[in-house]
Amino acid sequence: MPVRFGPNQFLEYDDRYGVLLCHECQYAIQKSALQSHLLRHKIYRADRQQLLDVIAGLHLLEPDHVPLPPPESPPIKGLPVIAGYRCTAPDCANLCASLKRMKGHWRESHGLADASLTRPVKLQTFFRGTKIRYFEVTPTADDADERRDEEVDDEEMHDQEEGQELTLSIATHIPTPTVNLETLSYFHHFTSTTSLTLPSPQSPLSSAQFWQTHVVPQALRLEWLMCGLLALAACHLVAFTDNKAVEQQHRTRAAEFSSRFRTGWGESVAIATEEVREAAMQIACLLRCAHWALAESASDQRIMPEPGVPEQLQDIVTTIQSSLPPAAPPEPETPVQALRMLSWSSPAPGSKIPTEIWNRILGLPPYMADTFRNHNAPDVFALSSAGAALVECSDTSFATDEVGSAWWGMASWLNRVPLHFRDLVARHDPAALVLVAHWAALLVNRAERCGCWFVRGLSMTILLRIAERLPENDDGAVQRLIAFTIAA
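Each residue of the sequence shown is one higher than the one before, counting from 160 in my numbering.
One thing to keep in mind: the hints can contain errors.
[To be verified] Simulated pairs of lysine-lysine, DSS-like, Cα-Cα distance not exceeding 30 Å: (1) Lys236 with Lys201; (2) Lys236 with Lys281; (3) Lys259 with Lys281; (4) Lys259 with Lys236; (5) Lys281 with Lys190; (6) Lys281 with Lys262; (7) Lys262 with Lys290.
Treat the hints as calculated values from the structure; they're not laboratory data. These numbers come from a predicted model, not from an experiment.
Working from the sequences, and respecting the hints, build out all of it.
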């Protein structure tokens, strides 16, 4: 008995013939084409693997070994019925989908230039391309009511038998499409240029693959997601355009595309797939950063409906964290792990961290010990662990000069610091703010220098937000540490 499964029940296994039918494409899928066929239907990762696991338990036959139903059988549901011909020559039952092909059969097999050795029949085939094997079916009255036979001309079926896809519906009128050349220019700029400057949420080194292989195909079927890509392309052009009039035009388009993206994302967030959600969150993060980087004033709310300068340090932290996969809460560290930085005397073999930056970070504990004397043991462990994580993330940032490494080194520090350190930052603890200042001056600044145009000026913005949170009764020691940071 046929069994249907998959999204919208679009797959059907028919154990009578050992075939897997795709009801959307209306033909059987060969075993060798399963992966590519599921990808064609935008089924990714876990969902695709789950389907493949189910299919692996089915007994699928190769096209040449699939048994064909007898001529008196009713049509198989899910396959189109084609008007064709059966050869009536003695001991011959050849089937063709066009009279032209049947005449060719007469010449080649029976030595006849022309004859009337044929009768019209209804045909079906499980497979397409080079694996076509027609079989005759006998539609019932119900089938006649449900189906409309397709009229296929000789040349069309000739192409089909040579391996081309059969067009199952012939439009009587094809409207002239409207092509927006300006929109196409933004899309071209995204695929050819902007996508190469953006980080990936999947790994430091797979940026182009993420945007061009994973995001673009999804954007081609979701208009609001496409608007997100177009908004990023427009923002990128704003960042590198010298002509003021052209820049304002790109700003206007960026605002329009961004608005349409945010509206669509808001309407789709509850039903979005994992892949769409990942792409949308990355776009939203980068658009927010670009808004801060490109705003012409604090009141500029064109790209995003919020001030052009982030009002809270936590706004920046939360936005950058959203660019990476959700991280599990860090495991509690032992005192030895938390204080690991104190045992380091030189960079690890192969590390590309510049010596002056290594020395600057390793020199922090003595400076901070002289300035902050009232922290308890948990505070000290959290601060020391955050400092060690800063060294480790610097190693990632300086591994290459690519955007991906610089961004991951910067963003991953926010997920690697202990929860207690995050609490200290939320309470505006001066010692914790000094470490955040070093993160901004070293890793956020490096991301900008490595081509992350969307964080232009963000390191200085973070330092200014930190300066606003320093205690009023500070005697100047913390300011000196901040100044020491900026000098880096």
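These are the hints, each one checked on the structure:
With a CA separation close to 24 Å, the supplied pair Lys236 and Lys201 stays within the 30 Å bound. For the hint pairing Lys236 with Lys281, the CA-to-CA distance comes to about 14 Å; that is within 30 Å, so the pair holds. Proposed proximity of Lys259 and Lys281 is supported: the alpha carbons are some 16 Å apart, at most 30 Å. Only pairs whose Cα atoms come within 30 Å are accepted, and Lys259 paired with Lys236 is accepted, the gap being roughly 28 Å.
For the given pair, Lys281 sits about 27 Å from Lys190 by alpha-carbon distance, which is consistent with the 30 Å threshold. For the hint pairing Lys281 with Lys262, the CA-to-CA distance comes to about 18 Å; that is within 30 Å, so the pair holds. As the CA atoms of Lys262 and Lys290 are separated by approximately 21 Å, the hinted pair is consistent with the 30 Å bound.
Checked against the numbered hints above, the structure violates none of them.
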